[in-house]
Structure formats: C-alpha cells, structure tokens
Amino acid sequence: MSEIIKIQAVSKVYKANNFPSLNNLTLNINEGITGILGPNGAGKTTLIHIVTGLIKKFDGEVKCFDFELPKQINKIKPLIGIVPQEIALYDDLTAVENLTFFSSLYRINKKIILQNINNYLTDLGLFERRNDKIKNFSGGMKRRVNLICGLLHKPQLLLLDEPTVGVDVQSKKVILEFLKKLNNKGTNIIYTSHLMEDVQFLCDTVNIIDNGELIECGKTDELITKYENCNNLEDVFVHLTGKALRD
Amino acid sequence: MLILRDRVGLALLFIMPISLVIIMTLLQDSTFKALEEENIKIIIVDNDRDIVGKSIIAGLDSSNMFTVKQLNAIGDTITVEQARQLVSDGEYKMALVIPKKTTRTIKQAISKEIKVQMPSLGVKRSKNNKKYNSQINIFFDPVIKASFKKAILGSIREIIAKVQTQLVFKSYTKTIKKITGRKNDNLFPLDIVSVSEKSIGTFAEQKLPTSTQHNVPAWTVFAIFFIVIPLSGQIIFEKTEGTLFRLKTTPVPYYMLMLSKILLFTLISVIQSILLVLIGIYILPLMDMPQLFIKDIYQIFDIIIFTFFIGLAATGYSVLIGTIANNQHQAAIFGSLSVVILAAIGGIWVPIYIMNSFMLALSNISPLNWSINGFYDIFLRNQNVLSLYPEIIKLTLFFVVSLIISAIYEKRKIV
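Chains as they are written, first to last, in the working numbering: chain A, 2 to 248; chain B, -3 to 411.
Keep in mind that the hints were calculated from the coordinates and are not lab data.
Please read all numbers here as calculations on a predicted model, not as lab measurements.
Honestly, I wouldn't trust all of these hints.
Simulated crosslink set (SDA-like; lysine to any residue; CA at most 20 angstroms straight-line) [claimed, not checked]: (1) Lys134(A) with Tyr250(B); (2) Lys58(A) with Glu234(B); (3) Lys57(A) with Arg408(B).
To spell it out: a stretch of chain A is covered by chain B in this simulated footprint if at least three of its residues, at any positions, have a beta carbon under 8 angstroms from a beta carbon of chain B; those stretches are [said to hold, decoys possible]: (4) 83 to 91; (5) 105 to 118; (6) 168 to 176.
Sample of chain A residues with no beta-carbon within 12 angstroms of chain B, all distances over it, derived [said to hold, decoys possible]: (7) Asn19; (8) Asn24; (9) Asn25; (10) Thr53; (11) Leu55; (12) Lys64; (13) Glu69; (14) Lys72; (15) Thr95; (16) Gly140; (17) His154; (18) Leu160; (19) Thr206; (20) Asp222.
By construction, the Cβ of each residue, glycine as well, lies at the ideal position given by its N, Cα and C atoms.
Using the sequences and the hints, build the whole thing.
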C-alpha cells in the first residue's frame, strides 16, 4: 500500500488559544479506508483543515499525493472530495440543482456530471426525490446528498467528517455499505467519527489522536486484540483517552 | 438560481422599492396637490371693505392655494374673537382680520406726508401731528408648518406693500398733476422688475420637477442598498451551514466565487433601477401621478452605468456586513438599520439642503448621498455620466475598501 498523505512533525497553535491544537504530529495515511479518532478538541478538524488547504499557516510538513501543502493546494484540490459534518447544501435548491452547482466548480463535462449524479442518486436511493428541494428532505436523505456532493468529480481521496451523525439506522447502513463499495472501486477514504462501531465496521486502519498528538495507530482488528479487556474499538478508545469529560 | 428561490429576498429587492416609490410619490404628490388645489380653508374678516381688503382677498384667491371664505364684505358680521374661535375649532386653518378704515388710514398717512414733503410746491403744509397705524391680525391653526406660515405672511406683506405703493404713487401723481397741469396718468410706472421662476436642467424648458422626478431616484438608491439583507444573509448562511467550507475546497478560488456573487447582485441592482424607471414612466401616470421625464435613450444608458457603480458600493457593503456579522439576525438588523441611517443622513428621507451644517458635513460620508447626488444630476440637472466622475470614484473606492476590510477580517479569523 502506498502513502497518500504524509504528515511530518506538524504543529498548529491558533492565535486565540494558548495550547497547540496539533503538537508535533507525525502520521502517514495509506490507501484504503483510514479512521481518525479522537475526543472533542483532539485536533481532528484542524488536521482536516490543513489537508484541505483551509489552514495555510502551520509548522512542519504535509504532503498529499506527493504534492506539498499549502504550496501546491491547487493540484491537490481536484484529487480530494470533502463531506463536512454540516449539511453543506442550499436548502432552497433541489438535490439535482445542488449537485450540479457544486460539481460545476470542478469544471467537468456537464454530460458526465449528470450521468454521475443520476448514478449516485440511484445508488443511495434518492433518484425519485431528485427534483425535491433539500429543505423537504429528512436528515438521512440530506446526509446522503451531502455525501454525493463530495464524490461527483470522482476524487482519489474522500474526506468524511462525521457523515452518519443524526441519521436513522437504515440510512447509516446504506451510507456505510456504499462507502465500502466506493473503496473497492479505488477511492481512498479518511473517516472521522465519534461512532466507534461505524469506524470498526468500515476502517482498515485507525489513528487515534489526543491533545494534538498521535497516541495509537494500526490495523483495526490488531488494535482490538492488542489491549487486554478490550472487546471492541470503543473499549480501546476509552482505554487510551480516559473516561474524563472532554467538553 | 438561489436568489430566484429566495422569495423574501426578492420581495425586499423588488416589491419593497416599487411600493415605496408608488406610496411616497402618491403621498408627496397629494400634499403638493393639496396646496395647489384650494384645499386650505381660510377665513378673511374684511372690516376695511376698501382697496386693501379687496386686494388681499383677490391676491390670496388668485394664488390657488386657498378656499377663501370672506366675511363682512357680504354683510355677515363676525368679531375677531369669533374668527379666532373658528380657527381654534379647526374649521379653518387661518383667519385674517383686516381692521376698519385700513385703506383710509394709509391714504391719510400719505396725504400728511405729501404736505410735509412739498410745501415749496404750493402744497399747504400740514400741522397735523397724528400718527397713522393699522394692524392686520392673522390667526394660524397650530398644525400649520412654520415654513408655510412664513410663505403666507410673505405673500400678505407683499400684497400690502404693493397696495401702499400704489396709493403713494396715486397720491403723488394727483398732487404733481395739480401743480404741473399734466394729464398723463402714468407718471410712476409700476412693475418694472418682475420675477420669473425657471429650473436648471432637464426641466428648464419643460416644467418644474415633480414628486416622481425626486422619488424614483431616491427610492431606487435605497432599494439598491437593501441588497445588504439577501447578500449578507447568503454569505452568513454559507459560513454557518458548511457550504463555505465546501466552496473553499473546490478548485475555483474563493475570490472568484465572491466576485460572481458581486457581479450578480450588481446586475440585480441595475435591473431594479430599470424597473423603477419604467414604473415612473408607465405605471405612475396611470395612477394620476406625474410621469418620470427621461430626456432621451442616452439618459437611460447614463442611469444604467451610474447604477452599476451604486450596485458595486452596495454589494461591497453587503460583503462587509456578511463577513463581520456572526449570524443572519445580526446581519439583517445591523444591515437594515445602517442602510436606513445612511439613507437618512444621505438625503433620501430629508433633502440635505435643509440640514444643519453638522448634518450636512455628515452626509458626505454616506454612499447613499453620493448615489442620490449622481442620480439628481442625471434626472434633474440633465448631466451625463462622465460628469459624475467624483461620485463614481467615491462609490468605487467605497467598494474596494469594503472588500479589503472583509478580506483582512476573514484572514485574521482563520489564523
């Protein structure tokens, strides 16, 4: 497996904070589905913002597909797809209008875009509702459109931030199985979530960060067996990050 | 697409200004007509029943501003107190009481003066030391505006002065004719100097500017700046709902996306302006209001070009509000309030020429003031867009400075 992201001794301190959000973090992400776990304030969002080029000022070195960040962000942008935690869609537009608008920003042939939209809407069970406004969709349906939005330009790497928050069991199952299929077709995925069972189901490897530092990484199955009295990923997570509240 | 779906935003951008133009023009026009169409009822108690009384009644009657109810001359009797009561009851807006023998008093005073001035010409010198005085009383309803009072008092003084002058000349003419034996009546021709009212600009050869000619540009500027509500709202929505994050991670640079938004809303402001001009030309006359006068087709181009710069300033301001505000409520409240304040100090609500020196200086900082000044130059003073370069420069600078502040603010927030 080749490396897609290489993070070398990265630190980031926001002006408003005294403590570092990322503290000399070194981490390599390989092809496949990688989970990034951490309690609130661990530095997950900062890490995603650095990889997506949103944060340009940081110490250390980050490379994505061998392109250096933030210098070569314009070469990286077409290769990555983002699915933010928020429903980043326009409520007053229909599903197709939203998808057409966001994919148009990648300068792809309109015919191909429409074909991709129809395929993904069918895969995620939304084709019949394609011309309905987003504001009339349920939480699960919005999440699925949010997911498709990050995929239409066929990225090599998909970054997912809590993509199953607030969705019903059926929607969650559809989303997770869809992501597995997507990975099988060659799309690499970085998945951050608080839902350990989702990560355990989906991810080949897991990186656990806390206080801006990498505290554990490895194959999901191996991590569960590595620690005594740990039966699942949640046990491992609590074992490593503690039971104290992280508000 | 997004703006087409935003019904509230569209209502703000198009229905609000159309309503404002129609309502404000209707209001001002009816006020103007009220003054012109004999709607102000006044009562004149003419106890003089001679030249002064008749001249005042004739003068006020011919001004077309009043419905004159004349008493005493037609045999009614009314006291000063009763006249005062009629105004106090609100039945009349003004009462004018001309005392008895006013004309006679003037004539006697002139006669005495002639005898004093001309003893050497054979006129018998007067030994009369009596002082002649007559006072006309005017009672106003308290609701009458000070400016209106001033105008009426000025008119009455002018009529009285004219009557007095006529009487003076008549008496002198009579005396001189007696001395010289000349039979020519017009020894002292009156009305040598007359005053003619003419407005400069579009209306110079037409007629005086109408309420439409003032209201259409004023409310167009106001409506354009109300772009702040939908545009800043959209920017904040993108910030808070995650679409901004998504947009910033696409290959299209964010400034390009922002620029396309600015151009779209500037285009909307041009459409607003054209729509309001068309309403002024075609719709207002259907409602018995004055038609908007446009000199020629080139003036439409001047309006479009100048509106483009107003639109730029308005969108720049909207981007600034959208960047600084934390949520849509903040942007809506601060945005609308600030536009209303800038409109007030900029001369949209009240003409700046009646403002005091402090407010006049303050009005210079309002982009709405630069905008309305430019529009008045086009609509009322018949100037072309090239001559509006000072306003265009100010509006463009305002746009650029707004964007620079927004960019700095945004950059600081990320770090």
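For this session: Could you check that no beta carbon of chain B comes within 12 angstroms of the beta carbon of Gly140(A)?
Result: holds, 14 angstroms
For this session: Hey, is Thr95(A) genuinely clear of chain B, shortest beta carbon separation above 12 angstroms?
Result: violated, 9 angstroms
Exercise. Taking 12 angstroms as the cut and beta carbons as the points, is Glu69(A) off the interface with chain B?
Worked result: At about 17 angstroms from chain B, Glu69(A) clears the 12 angstroms cut-off, so the statement holds.
Exercise. Taking 8 angstroms as the C-beta cutoff, is the stated coverage of the stretch 105 to 118 of chain A by chain B satisfied by three or more residues?
Worked result: holds (count 3)
Problem set entry | Claimed clearance of chain B by Lys64(A), with the beta carbon kept past 12 angstroms | holds, 17 angstroms
For this session: Take the C-alpha atoms of Lys134(A) and Tyr250(B), compute the straight-line distance between them, and say whether it is at most 20 angstroms.
Result: violated, 25 angstroms
Exercise. Any Cβ of chain B at or closer than 12 angstroms to Asp222(A), or is the non-interface label fine?
Worked result: holds, 32 angstroms
Exercise. With d taken as the least Cβ-Cβ distance between Thr53(A) and chain B, does d exceed 12 angstroms?
Worked result: violated, 5 angstroms
Problem set entry | Check of the stretch 83 to 91 of chain A against chain B for coverage (Cβ-Cβ below 8 angstroms, three residues minimum) | holds (count 8)
For this session: Against chain B, does Asn19(A) hold up as non-interface, every C-beta pair farther apart than 12 angstroms?
Result: Answer for Asn19(A): holds, closest chain B Cβ roughly 15 angstroms.
Problem set entry | Least C-beta distance between Leu160(A) and chain B, which was stated to exceed 12 angstroms | Its Cβ does come within 12 angstroms of chain B, the nearest being 9 angstroms, so this is violated.
Problem set entry | Proximity test - 8 angstroms, beta-carbon atoms, the stretch 168 to 176 of chain A to chain B, at least three hits | violated (count 0)
Checked against the numbered hints given earlier, the structure breaks hints 1, 2, 6, 10, 11, 15, 17, 18 and satisfies all the rest.
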